[in-house]
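So you can see what is in the structure, the chains are spelled out below.
Number of protein chains: 2
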Amino acid sequence: MTQPLPDPIRLAVDCMGGDHGPSVTLPACRAFLDKHPGAELLLVGKPEELAAAAAWPRCRVVPASEVVTMDDAIEVALRRKRDSSMRVAIQLLRADRDGNPAQAHVCVSAGNTGALWAVAKVLLKTLEGIDRPAIAAVMPNVAGRFTTVLDLGANVDSSAENLLQFAVMGSALVSAVDGIEEPSVGLLNIGEEAIKGSETIKQAGELLRAAGAAGQLNFFGNVEGNDIFKGTTDIVVCDGFVGNVMLKSSEGLASMMGAFIKAEFTRDWVSKLVGLLAKPVLNRFKHRVDHRRFNGAALLGLRGLVFKSHGSADAFAFEQALARAYDAARNRLLDRVHDRIVATLQAKASDAGDNAANTVAQAA
Amino acid sequence: MTQPLPDPIRLAVDCMGGDHGPSVTLPACRAFLDKHPGAELLLVGKPEELAAAAAWPRCRVVPASEVVTMDDAIEVALRRKRDSSMRVAIQLLRADRDGNPAQAHVCVSAGNTGALWAVAKVLLKTLEGIDRPAIAAVMPNVAGRFTTVLDLGANVDSSAENLLQFAVMGSALVSAVDGIEEPSVGLLNIGEEAIKGSETIKQAGELLRAAGAAGQLNFFGNVEGNDIFKGTTDIVVCDGFVGNVMLKSSEGLASMMGAFIKAEFTRDWVSKLVGLLAKPVLNRFKHRVDHRRFNGAALLGLRGLVFKSHGSADAFAFEQALARAYDAARNRLLDRVHDRIVATLQAKASDAGDNAANTVAQAA
Chain U
1 MTQPLPDPIR LAVDCMGGDH GPSVTLPACR AFLDKHPGAE LLLVGKPEEL
51 AAAAAWPRCR VVPASEVVTM DDAIEVALRR KRDSSMRVAI QLLRADRDGN
101 PAQAHVCVSA GNTGALWAVA KVLLKTLEGI DRPAIAAVMP NVAGRFTTVL
151 DLGANVDSSA ENLLQFAVMG SALVSAVDGI EEPSVGLLNI GEEAIKGSET
201 IKQAGELLRA AGAAGQLNFF GNVEGNDIFK GTTDIVVCDG FVGNVMLKSS
251 EGLASMMGAF IKAEFTRDWV SKLVGLLAKP VLNRFKHRVD HRRFNGAALL
301 GLRGLVFKSH GSADAFAFEQ ALARAYDAAR NRLLDRVHDR IVATLQAKAS
351 DAGDNAANTV AQAA
Chain B
1 MTQPLPDPIR LAVDCMGGDH GPSVTLPACR AFLDKHPGAE LLLVGKPEEL
51 AAAAAWPRCR VVPASEVVTM DDAIEVALRR KRDSSMRVAI QLLRADRDGN
101 PAQAHVCVSA GNTGALWAVA KVLLKTLEGI DRPAIAAVMP NVAGRFTTVL
151 DLGANVDSSA ENLLQFAVMG SALVSAVDGI EEPSVGLLNI GEEAIKGSET
201 IKQAGELLRA AGAAGQLNFF GNVEGNDIFK GTTDIVVCDG FVGNVMLKSS
251 EGLASMMGAF IKAEFTRDWV SKLVGLLAKP VLNRFKHRVD HRRFNGAALL
301 GLRGLVFKSH GSADAFAFEQ ALARAYDAAR NRLLDRVHDR IVATLQAKAS
351 DAGDNAANTV AQAA
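Protein chains in written order, with this note's numbering: chain U, 1 to 364; chain B, 1 to 364.
Hints may be right or wrong, so weigh each one.
Residues from chain U that face chain B, not an exhaustive set, calculated with beta carbons under 7 Å [unchecked claim]: (1) F229; (2) M246; (3) S250; (4) M256; (5) A259; (6) E264; (7) L276; (8) L277; (9) V281; (10) R284.
Derived by calculation from the structure, the hints in this document are not laboratory data. Every residue gets a Cβ at the ideal spot worked out from N, C-alpha and C, and that includes glycine.
With these hints in hand, go ahead and build the complete structure from the sequences.
Here is the structure:
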């Protein structure tokens, strides 16, 4: 099995990104450092706003004079703000012009998703064998584990090949971060209501089955929307439009249910009293579905590891994103994605060779 | 405004469909009759199993010797079981060969969705101006109202034109059943994460905006997944694959959250005691999110009104589906869909005429 990368693991942190900037990212970095003695942080941003961290151990401030705001257009992030904390942080994942190796193993940002994607793609480029990078995040499931879902919005109109690549990258992610060597993969589909199945999904099913038969993937088969929260498989792959709608509607439903619980426990004084008594129980429930615990989406398929925190993350949530990024880097996520993609491409190539040989044999 | 249809409204009920058959459908019919003095029921199924209802007022048993099971293939429902309760119930929506008018105004079934769709399409045919019928259902929202979503799985790979038709049919449904004359329509899309927007959605947005400008629709604009549960618009239109994933994942998430609440309130004896005290509050919460209250999806775009109950519905849930079907028939949903589609087609035709006139004018 792949050996973990030796410490120190270095994380480049875009300290200015997100809704709250350093007031959230710095306390998160501090808490993260305390729990990860093998980690080093490159804190990217305006030095005057990061002064508090200058004296921390295993830390270095990397100056960047500009900030990509949550509303900045992609063009602004790409062409105008060339000294933004986001861009400088991603740049730290690249070897420099003199051939010195990259300074950081992974980059974490809570900045504007569109801008982060665009800058990461331009600076890092896509891995060979990957047509489209994808965003992967985890959702809680009733089994008490997590389901990793991708793509969550980087791609729309994904092809069958794209979906196969998502499955390969997702498998690498789950094996690196969650330590499951052969995670199971489900293909998101719809049930009997489908009068006419989508051609793309059918083709993707065939590609995934073939990859499973060749030992490249642990393919379970089709799953439906509810299987995400049942935990039927470790990974669920889907088109980015579908994944994004699923993610946002789940957020909406969870917050509606939270609002309803709150409303009922504050409706009158009896309910309030009961609510007070039930507080420890309700807090345990809240902890279980607390999306801050699952913060940290991986941008997969690039020649560098980038993790995206929710823009509205608080210090606790941002720290979780740092921890996921650390685990991914330490367990060589980039190498795993690369190796799995190469293996899948080779299997397909040899499969094509076999088919050609069979055709020749049949013709003879 | 359209006058409601005078009583009696006649519902054809497939009493054998669903997971439980007459043990659920008959008590639901009884409760429904008590609350709807203007309704008459045609109870379709095996007479020996419906004997209990023979003496009920405003009821008539219509015999059917076969039952489409939940696992029957569409072909079986269509070609082999020609005397199924499902088929006979739908048949009651058609004029007979001698030109006698249809016996029922609307049909309700809890049977196998795929089979119901197929039989309904073959027997009833699609309305003129509708390329693809759609399934619409309601979801609760935080505003305490309902959001009607379509399509929920009848179509995959919906075109921009299909999405426009869904919007028109959804508007007719909400005005008929919920009494909102000009319900607002949102087009389900994804946010900033979209590196590349879907062409179909962009085109649909243009068609919807044009229909809004022409006064055919109350088009709000794009919405995201969370807007369904926020209640941003009365109606949300989407491709059936996306809608089905949204629906099923919402069901999965809600049941996961329910399981977590239960687990926490039964974890130890203190929690159990608190749970006992909190029971009235938790019951109010449960009522709010009780999907049985929202049972009854409309199959829209056919030359007849068909409502689909969840297969696992209990008597309370099935009664809700009957009530929704009754409201739809009484408020002339079929005429409303027809009128709106005609108006939209005319507006588009005259728009095309204007464009042609403009082109001629410009050329001159």
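For each hint, the structure was consulted:
1. Taking 7 Å as the C-beta contact cut-off toward chain B, the hint placing F229(U) at the interface holds, the least distance being around 4 Å.
2. A least Cβ separation of about 5 Å between M246(U) and chain B falls short of the 7 Å threshold, and the interface hint therefore holds.
3. Interface hint at S250(U): satisfied, since its Cβ lies 5 Å from the closest Cβ of chain B, which is below the 7 Å cut-off.
4. Look at M256(U): its Cβ gets to within about 4 Å of chain B, closer than 7 Å, so that hint holds up.
5. Interface restraint check: A259(U) against chain B, minimum CB-CB distance 5 Å, threshold 7 Å, status holds.
6. Hint status for E264(U): holds, given a least beta-carbon distance of 5 Å to chain B, under 7 Å.
7. With 7 Å as the threshold, the beta carbon of L276(U) stays out of range of chain B, its nearest partner Cβ sitting at about 10 Å, so the hint is violated.
8. Taking 7 Å as the C-beta contact cut-off toward chain B, the hint placing L277(U) at the interface holds, the least distance being around 5 Å.
9. Among the interface hints, the one on V281(U) holds; its C-beta lies about 5 Å from the nearest C-beta in chain B, closer than the 7 Å criterion.
10. Annotation: interface hint on R284(U) holds; nearest CB of chain B at approximately 5 Å, less than 7 Å.
Of the numbered hints listed earlier, the single one contradicted by the structure is hint 7.
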